[in-house]
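*Asks:* Here are the chains, one letter per residue:
Protein chains: 2
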Amino acid sequence: MRKLLLSLTLYLFAGSLFAQEMVNTRRARIVSPEITKDSITFRLRAEYATTVSLTGSWQARGEFPIAMKRDANLVWNVTIPNPKPDLYYYTFNVDGTSVCDPANTSTDRDGTTYRSIFLIDGDLSRHYKDAAVRGNVSAIWYDSPTIGAKRKMMVYTPAGYDDNKKAKYPVLYLLHGGGGDEEAWLSLGRAAQILDNLIAEGKAVPMLIVMPNGNSNQIQSHINDIPGQEASTLMQNDIQSDLYVTSLIKDIIPYIDSHYRTIAKKEGRAISGLSMGGGHTLRTNYLFPGYFNYICPQSTGAHPHNQKTTSYAFDEDTLYKYLEGIKKAGYKLFWLGCGDVDPWFAEAQELDRLLTQHGMPHTFYVTGGGHEWKNWRHYLDTFAPLLFK
Amino acid sequence: MRKLLLSLTLYLFAGSLFAQEMVNTRRARIVSPEITKDSITFRLRAEYATTVSLTGSWQARGEFPIAMKRDANLVWNVTIPNPKPDLYYYTFNVDGTSVCDPANTSTDRDGTTYRSIFLIDGDLSRHYKDAAVRGNVSAIWYDSPTIGAKRKMMVYTPAGYDDNKKAKYPVLYLLHGGGGDEEAWLSLGRAAQILDNLIAEGKAVPMLIVMPNGNSNQIQSHINDIPGQEASTLMQNDIQSDLYVTSLIKDIIPYIDSHYRTIAKKEGRAISGLSMGGGHTLRTNYLFPGYFNYICPQSTGAHPHNQKTTSYAFDEDTLYKYLEGIKKAGYKLFWLGCGDVDPWFAEAQELDRLLTQHGMPHTFYVTGGGHEWKNWRHYLDTFAPLLFK
Chain A
170 MRKLLLSLTL
180 YLFAGSLFAQ
190 EMVNTRRARI
200 VSPEITKDSI
210 TFRLRAEYAT
220 TVSLTGSWQA
230 RGEFPIAMKR
240 DANLVWNVTI
250 PNPKPDLYYY
260 TFNVDGTSVC
270 DPANTSTDRD
280 GTTYRSIFLI
290 DGDLSRHYKD
300 AAVRGNVSAI
310 WYDSPTIGAK
320 RKMMVYTPAG
330 YDDNKKAKYP
340 VLYLLHGGGG
350 DEEAWLSLGR
360 AAQILDNLIA
370 EGKAVPMLIV
380 MPNGNSNQIQ
390 SHINDIPGQE
400 ASTLMQNDIQ
410 SDLYVTSLIK
420 DIIPYIDSHY
430 RTIAKKEGRA
440 ISGLSMGGGH
450 TLRTNYLFPG
460 YFNYICPQST
470 GAHPHNQKTT
480 SYAFDEDTLY
490 KYLEGIKKAG
500 YKLFWLGCGD
510 VDPWFAEAQE
520 LDRLLTQHGM
530 PHTFYVTGGG
540 HEWKNWRHYL
550 DTFAPLLFK
Chain B
170 MRKLLLSLTL
180 YLFAGSLFAQ
190 EMVNTRRARI
200 VSPEITKDSI
210 TFRLRAEYAT
220 TVSLTGSWQA
230 RGEFPIAMKR
240 DANLVWNVTI
250 PNPKPDLYYY
260 TFNVDGTSVC
270 DPANTSTDRD
280 GTTYRSIFLI
290 DGDLSRHYKD
300 AAVRGNVSAI
310 WYDSPTIGAK
320 RKMMVYTPAG
330 YDDNKKAKYP
340 VLYLLHGGGG
350 DEEAWLSLGR
360 AAQILDNLIA
370 EGKAVPMLIV
380 MPNGNSNQIQ
390 SHINDIPGQE
400 ASTLMQNDIQ
410 SDLYVTSLIK
420 DIIPYIDSHY
430 RTIAKKEGRA
440 ISGLSMGGGH
450 TLRTNYLFPG
460 YFNYICPQST
470 GAHPHNQKTT
480 SYAFDEDTLY
490 KYLEGIKKAG
500 YKLFWLGCGD
510 VDPWFAEAQE
520 LDRLLTQHGM
530 PHTFYVTGGG
540 HEWKNWRHYL
550 DTFAPLLFK
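Residue numbers (our numbering), protein chains in the order written: chain A, 170 to 558; chain B, 170 to 558.
Mixed in with the good hints, there may be bad ones.
[To be verified] Only pairs whose alpha carbons sit at most 30 Å apart, straight line, appear in this in silico DSSO-like list of lysine-lysine:
1) K558/A - K335/A
2) K334/A - K337/B
3) K334/A - K298/A
4) K490/A - K337/A
5) K238/B - K334/A
6) K337/B - K337/A
7) K496/A - K372/A
8) K558/A - K490/A
9) K435/A - K419/A
10) K335/B - K319/A
11) K435/A - K558/A
12) K337/A - K238/A
13) K334/B - K319/A
14) K335/A - K558/B
15) K238/B - K238/A
16) K435/B - K334/A
17) K319/A - K435/B
18) K435/A - K496/A
19) K419/A - K334/B
20) K435/A - K334/B
21) K319/B - K334/A
22) K558/B - K337/A
23) K334/B - K334/A
24) K558/B - K419/B
25) K337/B - K335/A
26) K337/A - K558/A
27) K434/B - K335/A
28) K319/B - K298/A
29) K335/A - K372/A
[Unchecked claim] Pairwise CB distance ranges, derived in the manner of DEER restraints:
30) D332/A - L293/B: 36 to 44 Å
31) R430/B - K434/A: 27 to 35 Å
32) K253/A - V535/B: 55 to 63 Å
33) K337/B - E399/A: 48 to 56 Å
34) K419/B - R430/A: 47 to 55 Å
35) H531/B - E399/A: 34 to 42 Å
None of these hints come from the bench; they were simulated from the model.
These figures come from a predicted structure and were not determined experimentally.
Glycine included, every Cβ here is placed at the ideal spot set by N, Cα and C.
Using the sequences and the hints given, assemble the complete structure.
*Replies:* So, in structure tokens, the structure goes:
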């Protein structure tokens, strides 16, 4: 009897050898980043490079890249003190070309830029880590007659949703900013991790999160447009902000309420967004008051939106009319978050002033920092526990 | 009445300026790759580099990188004739460091390696492009008592699934190879695009695709392990192939059949996998005959699997017993795909011989090429139309 002696070891060796298609010749493994209690070391093997530097999100805007030095093993490296607890990203610059850290398999994407990421653990960042029990995330294609296309959105359902077949859930509509897309709040914003953790700790009620694509000239993120394939971009010349907020009310909410077990009324709906998405948050409530009990714009304020012409003047009477509409429809929470060096801070202050002047209860949550994800993650982590209670 | 004159133009300008966090200074835009009818040009701006080369999946194994030249504008470039229609990936090497093409926003991931991609359109590759109507893809956390963890899998539901509330669907269980994870068939394998296209053309019946993580020491892909966060890896020392295939039968199939509208019997189930996943495909049917009517291993063959020791000898008697079990349980399609320069081609030939010798009807689908995604995509595109008919 002939024996088939090929072993599993050999089998797996071949599997990893071909990794699944191209051979990947590896030298001594580089550890990067290496995080200790006090410091973090970055390393890159680039034998033929003449200059290598490091740029990271812990740096102040405009700060110079951090020079790296080449050691005796031809590995470029630098050690810096740990920045304070948060999620950070960084890239290396090798002789003029920006690259992710090949030794760090974890990356995120900001628009069209990929970067390596790491986490410094601590109180502020603890909800950005994976929780032990997690909700599901789906890429959903829905029909938008308003925009005239089938479009993609991401939907988070909390742990337990699929098994608690009789429970109905509230929904947070969470909108991205300019340059972002339907995946921004999941990758850069850590929205699933934040809600998983808040729900596990009993700090937030289980809720769905709906993350549409807010660029009405796209059906989904541009990164899906492979060179050589027709682009998935809709051919529209105008920026159609109002078209998008209309589709949110007319197409997206009805889709969600008919395909998920939701609390399909104002009491079960919250809306938030950052920057352009903060504008969408306000604009939705200006044009369609009474849909949301929880209104949480971020890094935005009192400045106009209009799809017809960019020189349209937006007077205070009109804005008052809009605010009056929201006041009349009623709401439970109006929560405005902004950093004090955000370029929209003056507009946020102006909205705060107008809300006060108009007798509309609200929270103006001011932090340090500017127009950046470290704030937007923190804002979600801060207002999500206030929703649906 | 003071006018609030900030225009939408300014607003959007600021949004893109901050892109959502770090300023991205841009020079004249580089187009890369530029695809014409006959040729493809790659470009990279790397002013300070001394050598830049190109490596791509159209090259034969072991072929040298393609040298790029720097033009008067300090842009490195090279033009090559179009490879034949398919999906390809490539990277640049800048002074010893491998980088994705910064001008191409489309990338995929093979294990822990990111690469830029492009498509040469043609008959073979037409199903790898986005279809007009698409199914949804979800990341699902399910409980695996067999492995002792909550683990992630990806689930594709075809277009119409959410609206045809009474229809029941068959399920294809599609398994990745060594070095891969639950996302491999979606990114490298273009499984959603292939099924979207086949279903739209009426060539395949609407079906679910379930893509678990086949590494029983992981709860999900390693790329989610951010440096500074505890690893999500399960602490197991043994390769537990049998544990995984057991969890497929005991945990995954029951989860799918209780959470989706499936045809919950042999007639409604297919299984396929590549390389290690081809081994899992066979092993599942050896240990649990009668669960699948459609058995489609790829790039694998007659070689043993055993979790107890890697030196375990697997004799023909045992294999015959396994094949006898499959024959007795009955099946509708046994479809084995392999490339003629695949390192497992001899094992595939051996399995073909044993199936014939044992009187088991089957298809041995032999192509050119080796252990690579261009084959596995093509195999899925080829056998999916044969399922559930």
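*Asks:* Determine for every hint whether it applies to the structure shown.
*Replies:* Taking the hints in turn, this is what the structure says about them:
{"no.": "1", "hint": "K558/A - K335/A", "result": "holds (20 Å)"}
{"no.": "2", "hint": "K334/A - K337/B", "result": "holds (19 Å)"}
{"no.": "3", "hint": "K334/A - K298/A", "result": "holds (28 Å)"}
{"no.": "4", "hint": "K490/A - K337/A", "result": "violated (34 Å)"}
{"no.": "5", "hint": "K238/B - K334/A", "result": "violated (62 Å)"}
{"no.": "6", "hint": "K337/B - K337/A", "result": "holds (25 Å)"}
{"no.": "7", "hint": "K496/A - K372/A", "result": "holds (28 Å)"}
{"no.": "8", "hint": "K558/A - K490/A", "result": "holds (28 Å)"}
{"no.": "9", "hint": "K435/A - K419/A", "result": "holds (15 Å)"}
{"no.": "10", "hint": "K335/B - K319/A", "result": "holds (23 Å)"}
{"no.": "11", "hint": "K435/A - K558/A", "result": "holds (13 Å)"}
{"no.": "12", "hint": "K337/A - K238/A", "result": "violated (57 Å)"}
{"no.": "13", "hint": "K334/B - K319/A", "result": "holds (20 Å)"}
{"no.": "14", "hint": "K335/A - K558/B", "result": "violated (36 Å)"}
{"no.": "15", "hint": "K238/B - K238/A", "result": "holds (28 Å)"}
{"no.": "16", "hint": "K435/B - K334/A", "result": "holds (27 Å)"}
{"no.": "17", "hint": "K319/A - K435/B", "result": "violated (34 Å)"}
{"no.": "18", "hint": "K435/A - K496/A", "result": "holds (14 Å)"}
{"no.": "19", "hint": "K419/A - K334/B", "result": "holds (22 Å)"}
{"no.": "20", "hint": "K435/A - K334/B", "result": "holds (27 Å)"}
{"no.": "21", "hint": "K319/B - K334/A", "result": "holds (20 Å)"}
{"no.": "22", "hint": "K558/B - K337/A", "result": "violated (39 Å)"}
{"no.": "23", "hint": "K334/B - K334/A", "result": "holds (16 Å)"}
{"no.": "24", "hint": "K558/B - K419/B", "result": "holds (26 Å)"}
{"no.": "25", "hint": "K337/B - K335/A", "result": "holds (22 Å)"}
{"no.": "26", "hint": "K337/A - K558/A", "result": "holds (15 Å)"}
{"no.": "27", "hint": "K434/B - K335/A", "result": "holds (27 Å)"}
{"no.": "28", "hint": "K319/B - K298/A", "result": "holds (16 Å)"}
{"no.": "29", "hint": "K335/A - K372/A", "result": "holds (22 Å)"}
{"no.": "30", "hint": "D332/A - L293/B: 36 to 44 Å", "result": "holds (43 Å)"}
{"no.": "31", "hint": "R430/B - K434/A: 27 to 35 Å", "result": "holds (28 Å)"}
{"no.": "32", "hint": "K253/A - V535/B: 55 to 63 Å", "result": "holds (59 Å)"}
{"no.": "33", "hint": "K337/B - E399/A: 48 to 56 Å", "result": "violated (34 Å)"}
{"no.": "34", "hint": "K419/B - R430/A: 47 to 55 Å", "result": "violated (28 Å)"}
{"no.": "35", "hint": "H531/B - E399/A: 34 to 42 Å", "result": "holds (38 Å)"}
In this structure, the hints that do not hold are numbers 4, 5, 12, 14, 17, 22, 33, 34, in rising order.
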